[in-house]
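These protein sequence lines map, in sequence, to chains C and V. Residues in the first sequence are numbered from 277 upward in steps of one, following this note's numbering. Residues in the second sequence are numbered from 118 upward in steps of one, following this note's numbering.
Simulated from the structure, these hints should not be mistaken for lab results. None of the values given here were measured: they were computed from a predicted structure. Check the hints yourself; a few may be wrong.
Think about it this way: if two alpha-carbon atoms lie no more than 27 Å apart in a straight line, the pair counts; the simulated BS3-like pairs of lysine-lysine are [unchecked claim]: (1) V:Lys159 with C:Lys277; (2) C:Lys377 with V:Lys185; (3) V:Lys185 with C:Lys277; (4) V:Lys173 with V:Lys188; (5) C:Lys333 with C:Lys377; (6) V:Lys159 with C:Lys333; (7) C:Lys377 with C:Lys289; (8) C:Lys289 with C:Lys333; (9) C:Lys377 with V:Lys188; (10) V:Lys173 with V:Lys185; (11) V:Lys173 with C:Lys289.
Label pairs and their in silico Cβ distance ranges [to be verified]: (12) C:Gly279 with V:Asp172: 26 to 36 Å; (13) C:Asn353 with V:Glu132: 24 to 34 Å; (14) V:Gly158 with C:Gly316: 34 to 44 Å; (15) C:Gly316 with V:Ala141: 11 to 21 Å; (16) V:Leu128 with C:Gly316: 14 to 24 Å; (17) C:Asn332 with V:Asp172: 40 to 50 Å.
We treat Cβ as the ideally placed atom computed from N, Cα and C, and that holds for glycine.
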Amino acid sequence: KAGVTQTPRYLIKTRGQQVTLSCSPISGHRSVSWYQQTPGQGLQFLFEYFSETQRNKGNFPGRFSGRQFSNSRSEMNVSTLELGDSALYLCASSLRGDNEKLFFGSGTQLSVL
Amino acid sequence: GESVGLHLPTLSVQEGDNSIINCAYSNSASDYFIWYKQESGKGPQFIIDIRSNMDKRQGQRVTVLLNKTVKHLSLQIAATQPGDSAVYFCAEYSVGNEKLTFGTGTRLTIIP
């Protein structure tokens, strides 16, 4: 069974642009969570979707948004990029939303110049 | 607010020795405490979890200990191998909250 797939693997953007990251969960998994990882702040929760509904949201500005499709695939969008948005964005899935055991993808490394 | 902290940012252990990674937490209402391993270039990988009503849980070469009195969590890795070199994160989870709160991580290096 394929793992969590994130695309693209690397991304370079400039300030003010917007970006969309994609995540395909493990087949059959219905919950998708997004995390931001930086050296200074560690792993920070962005949001979680279950059956196309956002169930929980972290403390990030409204520039960060996401959605989940009927096939459980998810996207996250960051608008008006700032230098501080440079980070590894990780997507994780779980079967039934029991999110203590998450399966992570390898992430999208976003660099904002 | 919630926070999960780590005592040591780095740890070096001789191959074959046992290692202990420690973690302090502040949310006594958490239902699960979990350890994740992150190797370079990869996302975190689930290692083992423990429910808040347990004190100890063992897996293959790993043991997690939970001391609720002092809000302390530890991960013991027996007979370390080079493949154990990674960053280890503790995390906590509350049912109904649907998110993991991660600690800052400990980098474990296995010396051949």
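Each hint tested on the structure:
Distance hint between Lys159 of chain V and Lys277 of chain C is fulfilled; the C-alpha atoms sit about 18 Å from each other, no more than 27 Å. With a CA separation close to 21 Å, the supplied pair Lys377 of chain C and Lys185 of chain V stays within the 27 Å bound. With a C-alpha separation of about 37 Å, the suggested pair Lys185 of chain V and Lys277 of chain C falls outside the 27 Å cut-off, and the hint is violated. For the suggested pair Lys173 of chain V and Lys188 of chain V, the alpha carbons sit about 14 Å apart, so the restraint of at most 27 Å is met.
As the CA atoms of Lys333 of chain C and Lys377 of chain C are separated by approximately 18 Å, the hinted pair is consistent with the 27 Å bound. Only pairs whose Cα atoms come within 27 Å are accepted, and Lys159 of chain V paired with Lys333 of chain C is accepted, the gap being roughly 24 Å. Using a Cα cut-off of 27 Å, the hinted pair Lys377 of chain C and Lys289 of chain C is violated, with the two alpha carbons roughly 32 Å apart. As the CA atoms of Lys289 of chain C and Lys333 of chain C are separated by approximately 25 Å, the hinted pair is consistent with the 27 Å bound.
For the given pair, Lys377 of chain C sits about 21 Å from Lys188 of chain V by alpha-carbon distance, which is consistent with the 27 Å threshold. Straight-line distance between C-alpha atoms of Lys173 of chain V and Lys185 of chain V comes to about 11 Å, which keeps the hinted pair within the 27 Å bound. A distance of roughly 46 Å separates the Cα atoms of Lys173 of chain V and Lys289 of chain C; the hinted pair therefore is violated under the 27 Å criterion. The hinted window of 26 to 36 Å between Gly279 of chain C and Asp172 of chain V holds, with their beta carbons roughly 32 Å apart.
Distance hint check for Asn353 of chain C and Glu132 of chain V: the Cβ-Cβ separation is about 45 Å, which falls outside the suggested range of 24 to 34 Å. Between Gly158 of chain V and Gly316 of chain C the Cβ separation comes to about 20 Å, which falls outside the hinted range of 34 to 44 Å. Against the hinted window of 11 to 21 Å, the Cβ-Cβ separation of Gly316 of chain C and Ala141 of chain V comes to about 20 Å, which satisfies the hint. In this structure the supplied range 14 to 24 Å holds for Leu128 of chain V paired with Gly316 of chain C, their Cβ-Cβ distance being about 20 Å.
At about 29 Å, the beta-carbon gap between Asn332 of chain C and Asp172 of chain V misses the expected band of 40 to 50 Å.
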